[in-house]
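We have chain G; now place chain B onto it with these hints.
Take a look at the letters that make up each chain.
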Amino acid sequence: MSLVELENVTKTYEDHVAVHALRGVTLALQPGSFAAVAGPSGSGKTTLLNVVGALDRPDAGRVSIGGVDLTATPPDLLADFRLRHIGFVFQAYNLLPVLTAIENLEFIPALQGEPKEQRIRRAEELLEAVGLAEIRDKRPNELSGGQQQRVAVLRAILTEPEVVLADEPTANLDSTNASLLLDMMEKLNREKKITFIFSTHDPLVMERARRLIRLRDGMVVSDENREGRGAEVKP
Amino acid sequence: MLFFNMAWRNVWRNRRRSLLTVMAISLGLGFNIFMRAIGDGFHEQMVDNSVRSHIGHLVVHRAGYHDDPGINKTLPDPAEVEQAIQSLPDLRAYSLRVLGDGLASTAENSAGVAIVGIDPAKERKVTTIHRGIVKGQYLREGEVRPILIGDRLAVNLKADVGDKVVLLVQAADGSMGANLFRVAGIFRSGAPELDRGMAFILRKDAQELFSLQNRETEAVVLLNSSLGVPAAQQALESKLSGEHVEVLTWYQVEPFLLQFIQLDDAFFYIIVIIFFVVISIGILNTIMMSVFERVREFGVMMALGTKPRQIVKMVVEEAFVLALVGAVIGSAIGISASLYFATEGMNLSAWAEGAAALGMTTTVVYTKLTAANVVISNLAVLAVVVLVGLYPALHASRLRPVEAIRHV
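Just so you know, the protein sequences line up as chains G and B, in that order. According to the numbering used here, the first sequence is numbered sequentially starting from 1. According to the numbering used here, the second sequence is numbered sequentially starting from 1.
If we strip away everything but chain G, and leave its shape as in the complex, we get:
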């Protein structure tokens, strides 16, 4: 059974002119996917991640995660759904600047109501596991871009959501840091079976993704499954 399903999803932004961000996109991703959504600027990558992440609603079509139809879920319940089922990594790191690295990691479990001692222990273990223990009490402005983005990924996966959505996660990183970040995400994907979906136009990410979905003008133009499971493009 698919974890993430999009059926004929359409999204149009009305500005001075109508921009068709997604046009009838249909996709299905299995649990444990490590997928990249690639395409030029304006192809609909970010919009696709936004509708999958319950941050935006499609104009038409259906989006579901783990069998929950997000398009039919009332808006006030979507925040709770995101909290418990989806992790986010943003292009510009977007750690909360007043919190230290460990407090940023604690943020989501704290919202979920996890006891303080337990969430701190788990956050410390995770930082230790990826070799970032020494930055535990540093605030984002004291961290390098690579360190910030790795903390952002750890924040996204600490509570082990079903799916992590990463919007151009390597866009602001040099190739060394981008590679380190991808190593970490691959490891987490492999070990914790967390599904990762990236939007990217970084060749390094496209190369390392086990599934590569290409968008152009809001439509899927190719879907390459490198794990031999076959293409999942539905007409």
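Keep in mind that the hints are not guaranteed to be accurate.
Stated by the list, open to error - The calculated DSSO-like cross-link candidates involving lysine-lysine, where the alpha carbons are at most 30 Å apart (straight line), are:
1) Lys116(G) to Lys192(G)
2) Lys135(B) to Lys125(B)
3) Lys122(B) to Lys193(G)
4) Lys192(G) to Lys307(B)
5) Lys164(B) to Lys125(B)
6) Lys313(B) to Lys116(G)
7) Lys193(G) to Lys116(G)
8) Lys204(B) to Lys135(B)
9) Lys204(B) to Lys73(B)
10) Lys164(B) to Lys204(B)
11) Lys135(B) to Lys164(B)
12) Lys73(B) to Lys239(B)
13) Lys122(B) to Lys204(B)
14) Lys192(G) to Lys138(G)
15) Lys187(G) to Lys138(G)
16) Lys307(B) to Lys138(G)
17) Lys138(G) to Lys313(B)
18) Lys307(B) to Lys116(G)
What the hints assert, rightly or not - Rough simulated footprint, nothing fancy, chain B against chain G, three-plus residues with beta-carbon under 8 Å:
19) 36-45
20) 73-86
To be verified - Over the 10 Å line for every Cβ pair with chain B, so calculated as not near, a few chain G residues:
21) Gln30
22) Pro97
23) Glu106
24) Ala110
25) Leu126
26) Ala133
27) Glu134
28) Arg155
29) Asn172
30) Asp174
31) Met184
32) Lys193
33) Arg208
34) Glu224
Derived by calculation from the structure, the hints in this document are not laboratory data. Backbone N, C-alpha and C fix where the C-beta goes; we use that ideal spot for every residue, glycine too.
This is chain B only, laid out in the frame that chain G set:
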């Protein structure tokens, strides 16, 4: 706790702006506490001056005396009245008096006066006339018809200590009463109407002058605290319910004084409201700026699953932090200033004439700091700041995460 920690740190991200806001809150609150303490001190002194000059906290008359005074309206049973007064738990002192009107004459001049017949020993525990003797001495039992007159009356009558003064009155039986008195002392209370128009004589001399035969027209009661006035009034009314008497408080006897205090309070509250509005605009500006600077952060928080009400809570807590720090500093300022002037006093001699017209017999005002002043002022500041914080908080909570994340 997580959101309160974030709120605390968010407040100090822009230290200078927050400190300016805290300073505005502190000064506003400190000013508010201090001004209220001045007002409370001023009002208390005014009341105390009036109460201690002649009216006391409570006055007991025969029923109907206050609206239509007359020398023949004496207390029906003074012994019963005394007994009821003595049973008051908050009693400090009391005095029975004869109060009537008459004409005071010397060889040089004459003037209409209010004649008060007193028991000097008891009266000095109730009123402060004895402290205002500027010439001669206070009334003493055993002397032959001594009289105490105000300094302005002395000038009008061209009378000095030892001079003769004739009092001419209409007695209770309708006859004319007249007697010769000798000026024992001249007093200055500071209240022009007393110094110009009041004369004190011994109670027994007054009873003789007005043909009252051991009867009194009023009993004046002084309590330990003016806070106990309503309860004491109720207690006396209850004990004397069958006695055909009226029990009046100082503010019923001198409603003008109470009205002045209420008017003064009203002006004070208008100033406080203006102050709060000005402070609120400053705080609103600070929090709005802070919210606009963090749109992307709010977007990220909401994307991660923070609920709108949690965003509201955090922003309101930021306002609360500003208010709390401002309240602590402002209270320290207000309390320190109030305590300092409570012992040192504020010299208002430049406005002595005006103060005298309001019944003030002193030109030094002592502030009075009350717990209610500090608590209410602090609660008002906290409530106003939190209310002001609600608007930017609601604005932040209504952001759409998908748009807020892209905000530059």
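Any Cβ of chain B at or closer than 10 Å to Asn172(G), or is the non-interface label fine?
Nearest chain B Cβ is 15 Å from Asn172(G), so the label holds.
For Lys116(G) and Lys192(G), compute the direct alpha-carbon distance and say whether it is at most 30 Å.
Roughly 23 Å between the alpha carbons, so the hint for Lys116(G) and Lys192(G) holds.
Could you check that no beta carbon of chain B comes within 10 Å of the beta carbon of Pro97(G)?
The claim is violated: Pro97(G) sits with its nearest Cβ about 7 Å from chain B, within 10 Å.
Exclusion check [Gln30(G) not at the chain B interface, CB over 10 Å]:
The claim stands: Gln30(G) keeps its Cβ more than 10 Å from every Cβ of chain B (closest is about 24 Å).
Any Cβ of chain B at or closer than 10 Å to Glu224(G), or is the non-interface label fine?
holds (28 Å)
For Ala133(G), is the shortest beta carbon distance to chain B beyond 10 Å?
Holds: least Cβ distance 22 Å, greater than 10 Å.
Minimum Cβ-Cβ distance from Lys193(G) to chain B exceeds 10 Å:
holds (21 Å)
Taken at face value, is the distance from the CA of Lys204(B) to the CA of Lys164(B) at most 30 Å?
Holds. Lys164(B) to Lys204(B) sits at ~19 Å (cutoff 30 Å).
Take a quick look at whether Lys164(B) and Lys125(B) sit within 30 Å of each other, Cα to Cα.
holds (28 Å)
Closest CB-CB distance from Arg208(G) to chain B, is it above 10 Å?
Per Cβ check, Arg208(G) is outside 10 Å of chain B; nearest 25 Å; holds.
Pair hint outcome, Lys192(G) versus Lys307(B) [Cα-Cα no greater than 30 Å]
Roughly 27 Å between the alpha carbons, so the hint for Lys192(G) and Lys307(B) holds.
Given the proposed pairing of Lys122(B) with Lys204(B), does the C-alpha separation stay at or below 30 Å?
holds (14 Å)
The structure fails to meet hints 3, 19, 22, 23, 24 and 28 from the earlier list, while all remaining hints are met.
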